[in-house]
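**Q** So the chains spell out like this:
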Amino acid sequence: MDQRYVIFFGIIAISAVFIVIAEVLPIFLWPLKLLFIVIGLAFDILAFSSRFYLYLVSPLISQRKRFIVLSQENPYTLSESSDVVVTKRGENFIATIFIEVPLYVSATEMQDEAKFNFAMQVGKLMSISPYPIKFSNQTSILNKDEYIQSLHHLLSMAQNDELKISENKDLSPSDINRIKGKVSMWQNILDNVSNVQSFDQTIFAEVSAEAPKDYEAITLAQQRAREVMSGINSILGVMPVVATGADILKFLEPEYIIPSVEVKEKLARVLSDM
Amino acid sequence: MNEEGIIFLMLSMLIPLIIISSLSAFGKGIASIIVIIFVLLTIGILLAINWLDYIVIPMFTQILNISFQPAQGFNIPPRQDCIIKEANGLFYAYAYVTANLYAYEFKQETPPEEVNLKVMTAPENWERIISGLEFPVRFSIIAAGLDAQNVRDELEGKRSYQQFQMSQALQSNSANSAVTIGEIQRKINIIQAKIDRISHGEKPIASLMYITTFAVGVSAKDAEDKVSSQVESIRIAFSSMNLETSRLQGRELYILFQFEYGLPTTYQEFTSYFEQQT
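Here the protein sequences come in this chain order: Z and G.
Residue 563 is where the first sequence starts when you use the working numbering, and the numbers rise one by one after that.
Residue 113 is where the second sequence starts when you use the working numbering, and the numbers rise one by one after that.
No lab work stands behind these hints: they were computed from the structure.
The structure presented is a predicted model; accordingly, all values stated were derived computationally and were not measured.
Positions of the beta carbon are idealized from the N, C-alpha and C atoms, including for glycine.
Lysine-lysine pairs mimicking DSSO-like chemistry, simulated, CA-CA at most 27 Å apart:
| hint | chain 1 | residue 1 | chain 2 | residue 2 |
| --- | --- | --- | --- | --- |
| 1 | Z | Lys706 | G | Lys197 |
| 2 | Z | Lys677 | G | Lys230 |
| 3 | G | Lys230 | Z | Lys686 |
| 4 | Z | Lys826 | G | Lys338 |
The following residues of chain G were derived to be distant from chain Z, with all beta-carbon distances above 12 Å:
| hint | residue |
| --- | --- |
| 5 | Arg264 |
| 6 | Leu267 |
| 7 | Gln275 |
| 8 | Ala281 |
| 9 | Leu282 |
| 10 | Ile300 |
| 11 | Arg347 |
Starting from the given sequences, assemble the full structure and let the hints guide the process.
**A** Below you can see the structure in the form of structure tokens.
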């Protein structure tokens with residue numbers, strides 16, 4: 563029997579027991595009767611809530627706390643090939659593959675007919691798979707940490723050159739101007755880049771497969787991903803690629819969507835301005 | 113409401129009915145009146161959960177201040193309207209908003225020219241809105257292609273039923289029949305439009321569309337507040353596209369959180385979660 567029904571009937575039975583007790587108690591104990599009625603009705607509400615909220619009702623009864631732990635496990639693991647996300651649902655494993663779609667077109671640059679055709683292509687894309695498939699268009703904050711580091715490096719090199727001006731007597735006035743100009747150029751670029759948040763846009767598809775064993779689910783998901791990739795290729799004319807390793811994290815983890823370096827940089831600027 | 117829902121509701125209603133039928137066991141004074149009040153209140157709550165569970169259950173968890181850990185490192189606050197994660201000393205919050213483009217295509221009885229115009233302008237409107245939002249956002253569509261013949265058979269069955277209703281309405285002489293005929297004709301037109309589209313080679317799909325937005329804060333409350341204001345910005349921005357946007361709460365939030373790591377793998381499983389949007 564389905565676990566949902568077992569829990570529902572179990573809670574309904576508890577509710578009925580309280581109601582029966584309330585009814586058989588003598589009338590002069592009416593406050594106690596009322597208490598049992600209220601408890602019985604509360605269990606009745608809980609039983610009905612289990613229809614949609616089984617994941618909450620069952621831990622709520624067993625843990626009886628204000629902070630309910632539904633799961634203590636990580637929500638996913640990466641496969642050995644680091645291209646598949648594996649999660650467990652009930653007794654089965656779900657393997658999911660993320661496919662990046664390198665589509666760099668803008669509707670603002672299209673003629674009316676091209677816009678219509680593009681919208682139709684997107685519509686066709688939705689029906690390429692008989693099993694559920696997810697398409698997403700994600701705007702995330704670009705991690706400019708590496709770029710900013712390289713700018714810092716270039717700036718300090720230019721500043722070193724500037725310090726050496728007094729030591730080097732052979733430099734002509736134009737050379738001195740060039741060195742000073744370089745410093746202010748890198749400083750301006752650095753200020754501009756670190757003051758503005760840059761965004762990155764990615765289109766990706768997601769396919770999942772379920773099986774009792776993880777390797778079965780992975781194989782099935784890889785097969786589905788190949789089908790979906792060929793569908794995307796034939797409709798949009800682009801070569802989709804399977805996301806691997808750290809690239810997958812930008813679809814899963816919020817700290818990769820909003821890099822903490824960017825946030826801390828922004829906080830530091832706010833604090834220094836105060 | 114499906115058959116399973118009816119069974120759950122009927123069985124839950126049995127308990128209040130049993131109490132009412134044995135009201136004499138509580139005497140005739142104030143006790144029986146209090147019992148009646150509690151029974152009526154329970155019936156009201158049961159009906160509210162049946163249709164508005166996404167409002168009622170989060171309201172309960174908010175009153176009792178109950179929060180949840182759906183997975184290690186994640187937290188659902190009592191309002192059940194966002195997911196919180198702590199990482200690198202910062203708090204990340206993300207929330208889901210329905211973005212049902214479905215009304216564009218299927219719910220409305222729209223003339224083809226208008227549909228074409230909407231389809232043509234949608235990508236440009238979309239780009240304009242997305243570029244105006246200055247925070248991370250993700251638009252997702254979960255779709256499954258359906259068997260065209262099955263869908264067509266089902267639609268033809270529905271059309272026949274509506275035509276039968278129409279013939280009955282035409283025979284009746286009641287004052288409301290003009291309104292009823294108009295309504296039935298509208299339904300027939302919608303069904304016919306769907307059949308025509310399938311006949312023209314369009315493949316039917318079941319789809320679920322939603323927007324996820326991400327915010328970061330120095331505390332959980334800060335992140336929650338930021339994500340709430342982002343949700344409002346999204347709703348205002350997308351109102352120009354005539355999108356049905358509403359913030360997801362309760363079980364739908366939890367289901368979408370699970371979908372981040374593994375999609376439903378069959379069409380049946382997919383539709384069992386979201387009956388309304390398919």
